[in-house]
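J.: One-letter residues, chain by chain:
Protein chains: 2
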Amino acid sequence: MPLLGLLPRRAWAALLSQLLRPPCASCTGAVRCQSQVAEAVLTSQLKAHQEKPNFIIKIPKGTRDLSPQHMVVREKILDLVISCFKRHGAKGMDTPAFELKETLTEKYGEDSGLMYDLKDQGGELLSLRYDLTVPFARYLAMSKVKKMKRYHVGKVWRRESPSIVQGRYREFCQCDFDIAGQFDPMIPDAECLKIMCEILSGLQLGDFLIKVNDRRIVDGMFAACGVPESKFRAIGSSIDKLDKMAWKDVRHEMVAKKGLAPEVADRIGDYVQCHGGVSLVEQMFQDPRLSQNKQALEGLEDLKLLFEYLNLFGIAEKISFDLSLARGLDYYTGVIYEAVLLQTPTQAGEEPLNVGSVAAGGRYDGLVGMFDPKGHKVPCVGLSIGVERIFYIVEQRMKTKGEKVRTTETQVFVATPQKNFLQERLKLITELWDAGIKAEMLYKNNPKLLTQLHYCESTGIPLVVIIGEQELKEGIIKIRSVASREEVAIKRENLVAEIQKRLSES
Amino acid sequence: MPLLGLLPRRAWAALLSQLLRPPCASCTGAVRCQSQVAEAVLTSQLKAHQEKPNFIIKIPKGTRDLSPQHMVVREKILDLVISCFKRHGAKGMDTPAFELKETLTEKYGEDSGLMYDLKDQGGELLSLRYDLTVPFARYLAMSKVKKMKRYHVGKVWRRESPSIVQGRYREFCQCDFDIAGQFDPMIPDAECLKIMCEILSGLQLGDFLIKVNDRRIVDGMFAACGVPESKFRAIGSSIDKLDKMAWKDVRHEMVAKKGLAPEVADRIGDYVQCHGGVSLVEQMFQDPRLSQNKQALEGLEDLKLLFEYLNLFGIAEKISFDLSLARGLDYYTGVIYEAVLLQTPTQAGEEPLNVGSVAAGGRYDGLVGMFDPKGHKVPCVGLSIGVERIFYIVEQRMKTKGEKVRTTETQVFVATPQKNFLQERLKLITELWDAGIKAEMLYKNNPKLLTQLHYCESTGIPLVVIIGEQELKEGIIKIRSVASREEVAIKRENLVAEIQKRLSES
Numbered sequence: 475m476p477l478l479g480l481l482p483r484r485a486w487a488a489l490l491s492q493l494l495r496p497p498c499a500s501c502t503g504a505v506r507c508q509s510q511v512a513e514a515v516l517t518s519q520l521k522a523h524q525e526k527p528n529f530i531i532k533i534p535k536g537t538r539d540l541s542p543q544h545m546v547v548r549e550k551i552l553d554l555v556i557s558c559f560k561r562h563g564a565k566g567m568d569t570p571a572f573e574l575k576e577t578l579t580e581k582y583g584e585d586s587g588l589m590y591d592l593k594d595q596g597g598e599l600l601s602l603r604y605d606l607t608v609p610f611a612r613y614l615a616m617s618k619v620k621k622m623k624r625y626h627v628g629k630v631w632r633r634e635s636p637s638i639v640q641g642r643y644r645e646f647c648q649c650d651f652d653i654a655g656q657f658d659p660m661i662p663d664a665e666c667l668k669i670m671c672e673i674l675s676g677l678q679l680g681d682f683l684i685k686v687n688d689r690r691i692v693d694g695m696f697a698a699c700g701v702p703e704s705k706f707r708a709i710g711s712s713i714d715k716l717d718k719m720a721w722k723d724v725r726h727e728m729v730a731k732k733g734l735a736p737e738v739a740d741r742i743g744d745y746v747q748c749h750g751g752v753s754l755v756e757q758m759f760q761d762p763r764l765s766q767n768k769q770a771l772e773g774l775e776d777l778k779l780l781f782e783y784l785n786l787f788g789i790a791e792k793i794s795f796d797l798s799l800a801r802g803l804d805y806y807t808g809v810i811y812e813a814v815l816l817q818t819p820t821q822a823g824e825e826p827l828n829v830g831s832v833a834a835g836g837r838y839d840g841l842v843g844m845f846d847p848k849g850h851k852v853p854c855v856g857l858s859i860g861v862e863r864i865f866y867i868v869e870q871r872m873k874t875k876g877e878k879v880r881t882t883e884t885q886v887f888v889a890t891p892q893k894n895f896l897q898e899r900l901k902l903i904t905e906l907w908d909a910g911i912k913a914e915m916l917y918k919n920n921p922k923l924l925t926q927l928h929y930c931e932s933t934g935i936p937l938v939v940i941i942g943e944q945e946l947k948e949g950i951i952k953i954r955s956v957a958s959r960e961e962v963a964i965k966r967e968n969l970v971a972e973i974q975k976r977l978s979e980s
Numbered sequence: 475m476p477l478l479g480l481l482p483r484r485a486w487a488a489l490l491s492q493l494l495r496p497p498c499a500s501c502t503g504a505v506r507c508q509s510q511v512a513e514a515v516l517t518s519q520l521k522a523h524q525e526k527p528n529f530i531i532k533i534p535k536g537t538r539d540l541s542p543q544h545m546v547v548r549e550k551i552l553d554l555v556i557s558c559f560k561r562h563g564a565k566g567m568d569t570p571a572f573e574l575k576e577t578l579t580e581k582y583g584e585d586s587g588l589m590y591d592l593k594d595q596g597g598e599l600l601s602l603r604y605d606l607t608v609p610f611a612r613y614l615a616m617s618k619v620k621k622m623k624r625y626h627v628g629k630v631w632r633r634e635s636p637s638i639v640q641g642r643y644r645e646f647c648q649c650d651f652d653i654a655g656q657f658d659p660m661i662p663d664a665e666c667l668k669i670m671c672e673i674l675s676g677l678q679l680g681d682f683l684i685k686v687n688d689r690r691i692v693d694g695m696f697a698a699c700g701v702p703e704s705k706f707r708a709i710g711s712s713i714d715k716l717d718k719m720a721w722k723d724v725r726h727e728m729v730a731k732k733g734l735a736p737e738v739a740d741r742i743g744d745y746v747q748c749h750g751g752v753s754l755v756e757q758m759f760q761d762p763r764l765s766q767n768k769q770a771l772e773g774l775e776d777l778k779l780l781f782e783y784l785n786l787f788g789i790a791e792k793i794s795f796d797l798s799l800a801r802g803l804d805y806y807t808g809v810i811y812e813a814v815l816l817q818t819p820t821q822a823g824e825e826p827l828n829v830g831s832v833a834a835g836g837r838y839d840g841l842v843g844m845f846d847p848k849g850h851k852v853p854c855v856g857l858s859i860g861v862e863r864i865f866y867i868v869e870q871r872m873k874t875k876g877e878k879v880r881t882t883e884t885q886v887f888v889a890t891p892q893k894n895f896l897q898e899r900l901k902l903i904t905e906l907w908d909a910g911i912k913a914e915m916l917y918k919n920n921p922k923l924l925t926q927l928h929y930c931e932s933t934g935i936p937l938v939v940i941i942g943e944q945e946l947k948e949g950i951i952k953i954r955s956v957a958s959r960e961e962v963a964i965k966r967e968n969l970v971a972e973i974q975k976r977l978s979e980s
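Chains as they are written, first to last, in our numbering: chain A, 475 to 980; chain B, 475 to 980.
Everything labelled a hint here was simulated from the structure, so no lab data went into it. These numbers were taken from a predicted model, which means no experiment stands behind them. A few of these clues could be false.
Where chains are identical, the list cannot tell them apart; a pair therefore holds if satisfied intra-copy or between any two copies.
Subject to a maximum C-alpha distance of 20 Å in a straight line, what follows is the list of computed DMTMM-like cross-link-like pairs (lysine to aspartate or glutamate) [unchecked claim]: (1) K792 x D908; (2) K550 x D539; (3) K705 x D744; (4) K620 x D846.
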């Protein structure tokens with residue numbers, strides 16, 4: 475049977491089981507008839523073909539589909555975020571999902587996850603974008619734009635080990651606001667912090683705090699403590715873990731893994747526990763080590779001015795100068811900040827949420843220059859809202875409270891109690907659609923009234939218009955409120971006006 | 475000079491030009507002094523380092539950045555499209571940008587461009603999504619959802635040769651609406667056509683026509699004309715080119731390249747010139763060849779019913795039964811359709827736009843079953859709006875008419891005629907922001923009044939609030955209308971109320 479050699483393994487197994495079944499009535503003993511073998515071969519071939527697609531029903535690791543429920547929550551949150559960006563005069567823009575690989579390399583520092591590279595299919599080497607900041611800088615340099623206040627909402631991709639429980643995925647959404655241009659010091663920086671406050675207050679996520687520091691103070695502190703310059707970024711990454719790890723573990727990492735002298739680590743340890751308001755800034759001006767460092771002094775001067783503006787914006791009490799904030803990304807050059815939600819005592823039924831940072835950003839004055847042929851710099855400052863974490867928090871709260879969201883916006887359902895009313899329903903719903911009213915009906919020739927009403931209740935449609943024999947004869951339509959179950963009859967020609975009146979009242 | 479061996483080519487060139495410049499005053503004749511050579515080496519090394527990033531200032535082939543101008547046009551068009559989808563009761567959803575490669579293979583037929591594959595970085599083999607339909611089918615099969623009316627707006631990627639002039643890119647946006655589920659025939663199909671009409675009318679793109687056919691009629695026609703079944707899809711792809719190519723060229727492709735017998739091609743030629751309304755459907759029932767084909771008759775029955783519903787929806791005159799429509803994608807199984815804009819006589823100053831199809835879709839009853847382990851089918855019908863082409867058309871029209879769009883929504887600008895008023899401006903703008911008013915100011919300590927007013931004019935901000943010494947002393951604020959240049963003084967405490975009143979009036 476040379477034919478069998480062509481069968482895939484799965485088909486082989488099916489064929490074997492066919493061949494091992496009892497012989498048919500017309501066969502004698504152990505010898506099988508030709509027809510039975512032929513049938514077995516045919517069946518297994520068919521089965522192999524049908525089953526072939528099975529193995530593909532999977533979604534890539536670390537990604538997920540967003541269901542209509544997810545989308546509704548997202549839409550509300552993104553609307554609020556984007557409104558705030560627009561309130562501050564930002565323009566929208568977008569860049570491609572991928573960039574030349576070389577555009578993205580050496581921008582993100584040691585703690586960056588892996589970038590997704592595209593396969594070399596005979597062309598340029600490309601990678602999926604890792605954030606929205608580097609593409610923005612590339613855009614500014616390419617378009618020679620020297621001044622721009624823009625927001626950008628889009629997906630980015632990072633090949634990190636996904637810990638799905640905490641709402642981290644390999645594909646996620648970022649919402650960025652940035653101000654590019656040469657301006658007087660700290661005015662745009664202060665506005666970025668104001669925007670973070672407006673968004674976090676607006677979303678009602680509970681109490682929050684924004685930690686602020688300056689890359690020059692971080693570097694000045696490292697220099698003053700005796701960290702070799704080559705280790706600045708690596709030690710900065712360790713410092714950044716202080717919100718998740720105890721000081722002794724961070725110290726261990728710095729000394730044992732990154733080769734820092736223990737006494738240097740201890741000097742750093744004294745600084746990184748410092749946090750406070752503008753008075754801490756003043757205090758640091760007097761610090762015997764920091765005050766010797768030119769860079770650090772520049773940073774402190776700027777922070778002092780920043781706090782003045784934050785006071786005028788009425789948000790100074792939300793901001794904490796925190797010497798343990800270092801921010802991992804390579805491209806920051808000045809002020810850096812990170813917003814964290816404060817863990818309020820767990821309310822009844824609410825699970826404690828450990829979400830870490832929900833917004834962050836800083837000043838990056840050198841990035842655009844890296845893309846400019848002549849190295850012309852465009853100073854930038856910006857922020858990124860951690861919307862995925864915010865989505866997660868809001869979804870968890872809704873789950874806990876048993877809140878449900880409508881996933882459609884349908885206002886009116888067109889129903890009939892009788893058979894053979896499809897034509898009338900189609901005419902009616904056309905009137906509604908053409909008047910801009912959101913309307914649905916069942917795609918059945920003769921649906922049961924109960925099925926139709928049940929559909930409204932389960933999907934939250936508030937109004938039903940009902941047409942049947944009697945209504946058709948009398949030239950009327952019944953309007954039913956799904957909530958109260960009250961029905962009123964109105965003249966057919968008043969339908970749209972009456973519906974619009976009711977919708978505007980509710 | 476072994477040092478030179480280390481220099482990159484670019485640096486070499488710079489060095490050479492340095493060495494060739496006239497000798498310095500302290501040198502004699504042709505012999506150059508050491509210091510000059512050393513300086514040249516240093517300068518060129520430095521330059522090489524600074525210039526290193528130059529090569530990366532590029533965007534991937536076939537992609538583009540979307541500027542704020544683009545984004546404003548897009549936002550308006552997408553809003554209209556999404557409103558229509560919601561009016562018809564659709565829910566939103568999203569899927570990842572990439573899928574397992576095997577999810578996407580063998581779904582798109584011969585005319586599909588190349589898929590973007592991701593590099594194998596030690597995990598699954600992934601590809602960027604090629605459309606939104608296959609991911610939707612995969613989602614339905616995975617989530618075991620049997621009924622769903624959803625829309626999806628998202629980017630898709632195709633490695634086709636980009637012809638940027640016609641607005642085709644390798645990254646583009648799709649807007650899909652689909653109805654999944656087992657329903658009575660042609661009701662959802664008719665709604666898809668209704669939606670296409672509502673969107674194309676709403677966008678005011680000029681007159682349009684929707685060509686309709688049925689995959690079963692196409693296949694029945696091919697069978698009746700004597701096309702071997704193995705060539706159905708290939709010949710279908712040729713037929714699809716009839717909107718861009720003359721019949722004789724399409725015929726040549728079918729005969730010379732795809733090996734079709736000339737008499738078979740001629741039989742097809744008779745059919746594909748037929749187009750018309752429901753009367754053509756009736757006529758085809760009587761066609762001696764087609765009426766012998768069971769599949770074709772099923773398709774004709776459905777089209778007859780479809781036209782009945784299209785009449786009730788009031789859109790029958792926009793629909794043309796067109797036997798030359800075949801639709802390249804493999805997954806269609808029933809009704810197929812494609813909307814084209816009708817070229818109106820070119821208006822004065824308007825360039826003729828050859829845009830081809832602006833929306834398309836059809837029924838695909840087998841696709842979900844390909845992903846279901848047990849082959850369970852979920853019948854689907856849907857449509858995709860060719861928004862990129864629509865963006866292009868609208869942008870071209872605006873260009874021709876010299877129309878400009880505002881790229882920000884800022885309502886109020888905070889200005890001062892005096893120096894040292896930054897603090898007052900910051901306090902004022904905080905009041906506005908906190909009241910939800912969209913406001914901007916210049917990020918300068920002491921901007922000139924003229925610069926501030928010019929900014930309002932150039933960006934279209936309608937109102938200016940002005941604070942200066944006199945205003946501060948008297949507790950007032952001036953409000954200036956940018957258009958009329960009129961100024962009125964109001965009490966400082968009435969600022970927000972007065973602004974809100976003016977904005978609601980305009």
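J.: Would you mind marking each hint as holding or not holding in the structure?
T.: Results of checking the hints against the structure:
no. : hint        : in the structure
1   : K792 x D908 : between (50 Å within a copy, 16 Å between copies)
2   : K550 x D539 : within (18 Å within a copy, 26 Å between copies)
3   : K705 x D744 : within (19 Å within a copy, 78 Å between copies)
4   : K620 x D846 : within (11 Å within a copy, 53 Å between copies)
The earlier numbered hints are all upheld by this structure, with none contradicted.
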